Amino acid sequence: MERLPQTNISPPKKLILSALVMLLLAMTFGVIGSFQYVVPGLYKTFLSFEKIRPLHVTSAIFWILMAATGGTLSYLDELAGKIDQNRLTQGQWIVFLVSVVAILVSYSIGIFGGREYWEFHPVLAIPVMAGWILFTINVVRSTKKLKDRPVYVWMWITGAVGFLITFSESYLWLFPYFQRNIVRDMSVQWKSYGAMVGCWNMLIYGSSIYLMQKISGDKTYARSRVSFLLFFIGLTNLMFNWSHHIYTLPAASFVKHLGYLISMTELFILGRIIYKWKATVTSALRYRHLLPCRFLMAADLWIFINLSLAIFISVPGINLYTHGTHITVAHVMGATIGINSMILLAVITDVMNKACGSLLSYQRQITAGLISANISLLVFVTALTMAGIKRTHWQMSDRTIPFSVMMNESLPYFLVFALSGVALFASFIVIVYPIMKNALACSAVNFLSLKLKIQPAVE
Amino acid sequence: MIRRAVLVLLVCLFGVYSGHIYLTPTTDGSDPAVQAGKMIWQKKNCTACHQLYGLGGFLGPDLTNIYSAKGPDYIKSFVQGGTATMPAFILSDNELKSLIEFLKHVDETGRSDPRRFKINLNGTIASN
Chain A
-6 MERLPQTNIS PPKKLILSAL VMLLLAMTFG VIGSFQYVVP GLYKTFLSFE KIRPLHVTSA
54 IFWILMAATG GTLSYLDELA GKIDQNRLTQ GQWIVFLVSV VAILVSYSIG IFGGREYWEF
114 HPVLAIPVMA GWILFTINVV RSTKKLKDRP VYVWMWITGA VGFLITFSES YLWLFPYFQR
174 NIVRDMSVQW KSYGAMVGCW NMLIYGSSIY LMQKISGDKT YARSRVSFLL FFIGLTNLMF
234 NWSHHIYTLP AASFVKHLGY LISMTELFIL GRIIYKWKAT VTSALRYRHL LPCRFLMAAD
294 LWIFINLSLA IFISVPGINL YTHGTHITVA HVMGATIGIN SMILLAVITD VMNKACGSLL
354 SYQRQITAGL ISANISLLVF VTALTMAGIK RTHWQMSDRT IPFSVMMNES LPYFLVFALS
414 GVALFASFIV IVYPIMKNAL ACSAVNFLSL KLKIQPAVE
Chain B
3 MIRRAVLVLL VCLFGVYSGH IYLTPTTDGS DPAVQAGKMI WQKKNCTACH QLYGLGGFLG
63 PDLTNIYSAK GPDYIKSFVQ GGTATMPAFI LSDNELKSLI EFLKHVDETG RSDPRRFKIN
123 LNGTIASN
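Protein chains in written order, with our numbering: chain A, -6 to 452; chain B, 3 to 130.
With a cut-off of at most 20 Å between alpha-carbon atoms, the simulated DMTMM-like pairs for lysine to aspartate or glutamate come out as follows: (1) A/Lys140 <-> A/Glu71; (2) A/Lys383 <-> A/Glu402; (3) A/Lys269 <-> A/Asp293; (4) A/Lys137 <-> A/Asp77; (5) A/Lys207 <-> A/Asp141; (6) A/Lys207 <-> A/Asp77; (7) B/Lys45 <-> A/Asp178; (8) B/Lys72 <-> B/Asp109; (9) A/Lys249 <-> B/Asp115; (10) A/Lys269 <-> A/Asp211; (11) B/Lys99 <-> B/Asp33; (12) B/Lys45 <-> A/Glu109; (13) A/Lys271 <-> A/Asp211; (14) A/Lys383 <-> B/Asp115; (15) B/Lys72 <-> A/Asp391; (16) B/Lys72 <-> B/Glu110; (17) B/Lys45 <-> B/Glu97; (18) A/Lys249 <-> A/Asp178; (19) B/Lys46 <-> A/Glu109; (20) B/Lys106 <-> A/Asp178; (21) B/Lys78 <-> B/Asp95; (22) A/Lys138 <-> A/Glu71; (23) B/Lys46 <-> A/Asp178; (24) B/Lys106 <-> B/Asp30; (25) A/Lys137 <-> A/Asp70; (26) B/Lys120 <-> A/Asp391.
A short list of chain B residues far from chain A (calculated; beta carbon distances all over 12 Å): (27) Gly73; (28) Pro74; (29) Asp75; (30) Ser79; (31) Gln82; (32) Asp95; (33) Asn96; (34) Leu98.
Restraint-style ranges between C-beta atoms, simulated for each label pair: (35) A/Ser217 <-> B/Ser70: 49 to 59 Å; (36) B/Val13 <-> A/Ala73: 23 to 33 Å; (37) A/Asp77 <-> B/Asp33: 53 to 63 Å; (38) B/Met3 <-> A/Ser390: 50 to 60 Å.
It is worth saying that the hints were derived from the structure and are not from the lab. For clarity, every value in this text was computed on a predicted model and none was experimentally measured. Glycine residues also receive a C-beta, built at the ideal position from the N, C-alpha and C atoms.
Using the sequences and the hints given, assemble the complete structure.
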């Protein structure tokens, strides 16, 4: 039997390429959803908002999960080896692909589990969990061999293992003890989600520290006390700050006060960012000729903006005004697009640069996409914030006008939001297309050359 | 060594805290109709557009206290008839009843209206 020739897209890179497809899908659904705010009832009969929202959210989460794990595995391969072609990674990739296709199809035919974030039927959580177990085994096994464990290795391990715990916790509602008690159910749900986001952030921030070390050649930071102090502050927040999501829920006040208190420890991180501002800018300027560094610079800016907003809205008295409005959405978009996606694209432009031909010839195009993505995102987040302020005003007033009239009056903000969303989407296409083209073209060339070599033997 | 100790300590605290959250007693909704209603709420993915206690999607309004504000018939007419944005849902009489029982139960657990809180000087909030 003729064997298929090997192409040089390794399993971690397959994860990354699939992640990029998920990113484009997420943005497609996002754009459709945003126009449902502008044109009430758009596609109501076949693609109503209860379908579009989960399609968008799940695609976005899989973009993050696939890219974060693909990036981590690529870097672990550089550090420990033997990841690049291993079966665990290949298995994880296949399982994730099958799960995400099944989930998206199930949404489009109207099958839901109806929880926030994980809106799919709970049965589909099984393959997602299985894929993550493969990833965790991979991470734990390969880091075992490492003698020296800088902070990013700690972050990858806690991110991988922590996700398993919090993902399981988010399914406790399947037990009647949790299910039949709405306050307990919602508390546990947001407890698990807060930590889960923290876990994928561990993977992403870990990779960004590794990448910075690789670019600068300075190995001291990832082994320093400060880096571990920041890691532990992050971990404490991951475990205990989640109750800032549920200040108005009738849960115990001790729980809410703890969440408030822990959230404020992030002021330390914010303070450090401001204190280190000059040094950060100087080193960023030194490496600005490198594509990954440009993405990291953008992420730095968003970390500053978003962390400030996060701390601000974690104060219960302020949260009272912003909760239940699009200000929360603005914050989530800043975090997932501005921070997570920018760091992930930094990692991807680094990893995929080596994949095959260099990305150097696309540097200008990708940078143009990066700049326009960030400008669009700023407009996008501002429009959401404005819509949020409008809703806050309505929520806190006598509500003399009905909800639908208030939404109608917010139309200009939603229009700007939708249009900047389109611009954001276009910018991401400009960034993603050359990365994919480069990787796929290269593998096609390899495929063909191998095929030509094989040909005489087959005949 | 210290790093490991800190990690172990944090994990232990997390375990204890999780136990505390799981075991804290709150209003129980073990009535089968409430349970069935909750499953309909989830299966129809109402949460994509609506919030309970401010959590959920933002295309529609918060429904935590819709039961006491507008009553069962009002809810029924929205669910069956839909609106320009909200699709009409085809539910049996029993399903509709359960869904309303669920919203009634949610209503009884507390109030989500942010106007009912007062803000303390230290930034915390207390219900009025």
